[in-house]
Structure formats: C-alpha cells, structure tokens
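There are 2 protein chains.
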Amino acid sequence: MALKSFIQVHSDSHFPIQNLPYGVFKPQPGGEARPGVAIGDFVLDLSAIANAGLFDGPVLKNSDCFVQPSLNKFLGMGRPAWKEARATIQKLLSFDEPTLRDNGSLREKALFPMNKVQMLLPIVIGDYTDFFSSMHHAKNCGTIFRGPENPIPANWFHLPIAYHGRASSIVISGTDIIRPRGQGHPTGNSPPYFGPSLKLDFELEMAAVIGPGNELGKPVDVNEAADHIFGLVLMNDWSARDIQAWEYVPLGPFLGKSFGTTISPWIVTLDALEPFACDAPKQEPIPLPYLTEKKSRNYDISLEVEIKPTGQEHSSVVTRSNFKHLYWTLTQQLAHHTINGCNLRPGDLLGTGTISGPEPESHGCLLELTWNGQRPLSLNGSTRKFLEDGDEIIITGCCKGNGYNVGFGTCSGKIVPAPL
Amino acid sequence: MALKSFIQVHSDSHFPIQNLPYGVFKPQPGGEARPGVAIGDFVLDLSAIANAGLFDGPVLKNSDCFVQPSLNKFLGMGRPAWKEARATIQKLLSFDEPTLRDNGSLREKALFPMNKVQMLLPIVIGDYTDFFSSMHHAKNCGTIFRGPENPIPANWFHLPIAYHGRASSIVISGTDIIRPRGQGHPTGNSPPYFGPSLKLDFELEMAAVIGPGNELGKPVDVNEAADHIFGLVLMNDWSARDIQAWEYVPLGPFLGKSFGTTISPWIVTLDALEPFACDAPKQEPIPLPYLTEKKSRNYDISLEVEIKPTGQEHSSVVTRSNFKHLYWTLTQQLAHHTINGCNLRPGDLLGTGTISGPEPESHGCLLELTWNGQRPLSLNGSTRKFLEDGDEIIITGCCKGNGYNVGFGTCSGKIVPAPL
Ligand SMILES: [Ca+2]
Ligand SMILES: [Ca+2]
Ligand SMILES: [Mg+2]
Ligand SMILES: [Mg+2]
Ligand code: NI
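In order, the protein sequences belong to chains A and B.
In this text, residue positions in the first sequence follow UniProt numbering: the first is 1, and each later residue adds one.
In this text, residue positions in the second sequence follow UniProt numbering: the first is 1, and each later residue adds one.
Calculated from the structure, these hints are not laboratory results.
Computed from a predicted model, the values in this text were never measured in an experiment.
The beta carbon of each residue, even a glycine, is placed where N, CA and C say it ideally should be.
Be careful, since some hints might not be right.
Below 30 Å or equal to it, Euclidean Cα-Cα: the simulated BS3-like pairs (lysine-lysine) are [stated by the list, open to error]: (1) B:K414 - B:K116; (2) B:K385 - A:K73; (3) A:K73 - B:K26; (4) B:K324 - A:K218.
One-sided and incomplete, this derived list gives chain B residues near chain A with beta-carbon spacing under 8 Å [what the hints assert, rightly or not]: (5) K61; (6) N150; (7) I152; (8) P153; (9) F157; (10) A162; (11) P196; (12) L198; (13) N343; (14) W371.
Take these sequences, add in the hints, and give me the full structure.
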C-alpha cells in the first residue's frame, strides 16, 4: 500500500508524503526565517522538529543545520544528511507514527497552514550559472537570429554551453518584476534606442541546487556528480530580447538578463524525483570521456507556462513542455562546469536553459512561441508578441506518479512598469 | 609640510600615511581574520583600535564594523563612515599624535610587521563583473580574431560591455593557479582537443570594490556613482585562450576564465586616489544621457606586469600600462550596470577589463603582446608565447605623488601543472 500521511493530502496536491520538498519560510511577517518541508496544505517547521530533538539519527543528532535562515548548511552536509533527514521526516509524518500525530502541542508549534506563511529564497546563492541545454531551444534561437542553415553552433554538441548569471537579482516566486530600461539596436544613423525594454520575455527553466560542491582545482567526476545535486526548482529567466541582442557581442548576455530571475520556493530533492527518472536523449557525436556517463538520466517532469494578463480573470496556457527534452543532463552540466577546476559551493544554482520541446506548443519562451514577434499569440481575446505591463507569468511543474504527484508548486511573477 | 607618520616609512613604500589601504589579515595562522590598514612595513589592526574605543566619531562610535572577518559591513555603511575612519586612522598614525605613538601596550596589540601576517580576501564577493573598457584591448583582440577591418564591435562605443564572472574562484594574491583542463577547437574531423590549456594567459586589470550598492529596480545615477565605489584593487583575470575561443559563441566566456582570478590584498580608497585623478579620454560619439557625466575622470596609476619563470633569479617586465588609458570610466561602468535595475551589493567586484595602452609595450596580456603566439616574447634568454608551468606573474600598481607614493603593492600568482 502507498505511503500515507496522517495529514490529509488531496490527491491532486503537489506535496504528498512522497515529495517532501524543502524551503525557507517565516510563520508570520517579522518572524524568524527557518527551514520547512511542504506536506499537503501545511509547512512542517524543521527548526521546531530539531528543537524537539526528533532528528535523532547519527548525522543530524547534534547539528544546528535546521536552526538557520537558509538551507546552505544542510546542503553542504551532503547525501548522508539528506537521506537521514528524509527518512526521519517521512516517518514522523506517516499515518502510523504517533510521535507528532498524537502530540497536540508539538503539532501546534511545528505545522503551519501554507497559505499563512511567507516563503523566502531558500538558499544563499554564491554563484548562479545558466546553461543552454535544450537542443530545440538552441535550434530555434539559431534559426531566428542566423537563419535555417547551421542554426546550432559547432561547439554545442560537444559541450554544455553556459554563461555566468547574476546572483544578486534572483528573487522568490511572487516578487514583481520591474520592466528594465536599456539600450537597443540603433536604426540607421540614430543613436541606440534607450527606454523600457520593448521585447520582454520569460524563459521556462529549471535549476539544480548544489550540495557539497568541490575544492578549487578538483573537478567532479560525471559519475559522482549526482551526489552534488540536492534538488531542483522551477526558474523563470526573464529576458529583455532587445537589450540582449544589442549588447551580447562578444561577451554574452548581461543587462538583458540581470534585472531579475525568479525561482520557486520549494526544492524538490533528487530522492523524491527518483521514481520519475528516464533515459536522456541519445547523444551524437558521443561526448568526450569526461562527459560520458555510465547512465545518462533525465526526469519526466511536465512543465506548463500560463500568462494571466492584468484584468483577465483566467490565465492562458501558452507552453506545455517537459524536463526530459534536455539534451545535456544535469550531471554532465556539473562535470563540465568543474572540469577546469572551477569550484562549486553549497547553494549555487545551475539553470538548465530554456526547456523547449520538439512541438511548437512546447517552446519555452515568447521569442520562440511568436517567432521573435512575427506570429503574435492569442490569449483569450488579446494578443502578445512580448510581455506587457501587468502580465503575470505562472510556471508549474509536476511529476505524475501512481495515485500521487511529486510537484514543484508554482513559480510566478508579474511585470510592473519601468521607472520613469 | 607633507603629512607624516610616527611609523618610519621608506620614501619608495607604497603605503605611506597618505594611502592607508584596507585589507583583512590574520596575525598568525589559526588566528582570527580582522580588518587592517597598511602603514609602511606594518599592518594596523582595526579591531584592536575599535576595541580600544578609538573610533569615537559619530558614525563609527558604536559600530562593530571592524570586528568582522570581512570589510563588507564597513563598505555597506558608505562614504560618511569611510571619511570618518580615514580621518581617525590618519590622525592616530600621524607624527604629532601621542595616543597610539606613546602607548606601548596598544602599539604591541595593534601593529604587526607586514611580512609576518597572512593576508586574506578582504571582502565576501556576492557578484563579480568583468568589463571590457580599454579601447586598445578591444581593438587588438578584434584585429587578432576578426581582422583589421572594423575590429571593434558597433556596440562598443555606445556602452561599456561586460560579462558576469565567477565569484567562487577569486583568490588572494600569492595563491597558486592550477592550469585548467578543457576543450579546444577540433582540427579537421577529429573530436575537440581535450587536455591542459595550451594558451594560458594573464590579463592586467584593476577592479572596483562596491560600497552601499542599490536596491533592485533602482538604478544609480552616473553622477552619484562614485559614492558607491569604496576603492580599487589590482586584478589578474587569468584566461585560457584556447578554451575561451572554442566555448564563447554565443554566450560569452565561461570555463576559459572561471578557474581563477587573483586580486591584490589592499583596497586603495578613492579618497587616497583623489590627488591622482585625471581627465578621461574624450568620448566620440557622445554617450546616451544616462552615461554622460558632469566630469569624466580616470586616475593616473602606473601599472606593470612581470613574468618570473621558475628557476630564473630575476623577473622580466613585459608590460607597462596605466589605468588612465581606460575609455569607459568606473562611474559609467557602474551606472550602466544598474540602468536595468540590477542591484549591486557591498563587496561586489567590478573588473575594468584588460588595461592596454596605445603602445605595443603597454599591451595588458600575452594574447596581445605575442599577437596570439605569432611573435614570442623574449625573457632573459627564454621565450614565451603563453604561460608555462612555474611562471609567476607579478602585477604592481602605483601613483607617484610629490615625495610619496600611493601604491597597491603586488598581485601575484604562479602557474602549477594541471591535474593528471
Ligand atoms: Ca536562460
Ligand atoms: Ca578580463
Ligand atoms: Mg534572468
Ligand atoms: Mg578569471
Ligand atoms: Ni622597510
């Protein structure tokens, strides 16, 4: 029989006892930030569980890793700590276990209705890297900007391309995104355009949250890379296409990206995703040995993007994609990132790049969906080439199990006007 | 008469009482990290001065900003705190002031011979950005890679181009640099090259250390940008040209840079550099209004790069350049960085890009000095196209005042072999 919690969980919930994703929250405004785990419509306060002495396994017994305003310390402890925490929490929440179930005063202290708490960035992010691992996205962007002959650069099939992103402007789901101002291509002999971005876009991504990491100069083997990944979040890499197009030669994206990046509050662990692992696409040519893994795995995670224009009652689904479409795996990304000796630290974030699938309706950004504005999308009566002020973008991600989901909740943000 | 300290300072020292650069040090291995100021051959321990109650001005009186393992808290306090600290320290160290001069036990606690202490990274670096602000460097690189017609991209004269760098691998002067491994361009139908970089290079740079910074969504005005810059350090942006050349299309440099970046330990403040301010080069075309400043200023800072091959007794000077050659000013870099709303935080690092001057001997990297390996440099009998294992690179920077220097000391690092 399936594992079940004494807390009632709807069958369509993203957060049954099989999931147990980690976040950081404040029970009320002004309260102290602390780690928590989602269970149904509740958040389990891990600092309360730790203070009650219920993390009693050998790794966590005397640790203060859950009495912290971020998950970084716990992430740095690695897989033995993660396994033990998951086992302890799953047991505590299970239907047959009286410890928490029958202790009213502890339940009072440790369980908060999710709709009452404030979710925060769960990690302190030292460095944020964004990859470019969907072949469909690379092909579409290349076709739009350079034409249909050789749209994908020669290096793309040999290495997981990436750039360093801006860590300071990563925000938690629900934070408004201020439309950036910046320069765009000049027309004729005029000076460059300057003003609010005219081509504001979302990018449907997921991101890996790094665990222990590695010392400078010591690469991580691709077959051991999974031990350095704690879990995944949903990510929206907001992009100003006009700013990006003008600035990116020769050093890559900068201000076209750095005004804001949104992540979802719940980190779903690789342990919870394990039942949804699937084979990654076949790679041709075969990558160099440092990128060749014994087993190349993706996860079957359904992803959706909705746009909700201001004043409209309903949102429109504009993208249905899946994590399994990624060409380069998370473990290949991580091995490549460290092959030159670059050090990763607990809490670092590795974005996958826009996750586009093969079908037109699975394109992960408006640049692709509207073919750079040439084919406007229709949304419940209005149309969109790019995002307008007031538009809210809602990303969801979910794995469908047998009678239960392992979901990510949502990653949302609303565009507000540029400063005058 | 010139300001003078009771501590004897050689006339060729970089650290007279006119300078007073900030760093973080441990008096002995295993000791606690704390902020200090360089004076001649000594380090003044600011935690000892603070604990003695000698920061008694209105801003710093009750602050613990000097009882910290980094300068970030002090940086975040802004110019009023910086001015007050400088005035207090300059007075305490001055020839006529008995407070410290005549207090033997305080001197014992607060002054350490510089050659006995261990210098550390002075700041926790949230984000590191590298600009591309030398026209000579942009022109040389463009000519080498794309030929002499239009070597500088069209956007270059309209905006200070930059990319996000890797913060985790920034190390303090004196740290060995492990030769990175990585992929290089395939030849013919072979797979890409994989192995230790064959084109390892230095880049002569300086970097601005950010003070208070700005809120997400609130750009900094170019005419107020100087208040957000605490001071400058020397920087060596080590670069693997073969890795960089193969990976950088279309998202910019990544593993070709992220294996290590070295900074000098002493942050020289803008206040100390003020006497060496000079006009920046005339800009044509005139930049957009958000980049147009009332006064466009550089600093006259002489820069040198020496290479010391392993086993050779003497180093050879390979570059003599100057900070004043930069086309885009620090304040323009900062205003551009924030114009899209991107937030800067205390301790963020903004590299200038390679500082090449107009003459061939002022080229700031081997790529330019040897014209991508085509014209080897001669060094005391040996030659170099790119760096070899055992080579030590030593960057120095110094402003020449009337009878005194305001210097940066050195920024050095030695290449050690790649892992097997
Ligand atoms: Ca992206
Ligand atoms: Ca550089
Ligand atoms: Mg972004
Ligand atoms: Mg570097
Ligand atoms: Ni001396």
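Here is what the structure says about each hint:
no. : hint            : in the structure
1   : B:K414 - B:K116 : holds (21 Å)
2   : B:K385 - A:K73  : violated (45 Å)
3   : A:K73 - B:K26   : holds (25 Å)
4   : B:K324 - A:K218 : violated (38 Å)
5   : K61             : violated (28 Å)
6   : N150            : violated (12 Å)
7   : I152            : violated (10 Å)
8   : P153            : holds (5 Å)
9   : F157            : violated (10 Å)
10  : A162            : holds (5 Å)
11  : P196            : violated (10 Å)
12  : L198            : violated (13 Å)
13  : N343            : holds (5 Å)
14  : W371            : violated (18 Å)
Figure legend: structure checked against the earlier numbered hints; hints not met, in rising order: 2, 4, 5, 6, 7, 9, 11, 12 and 14.
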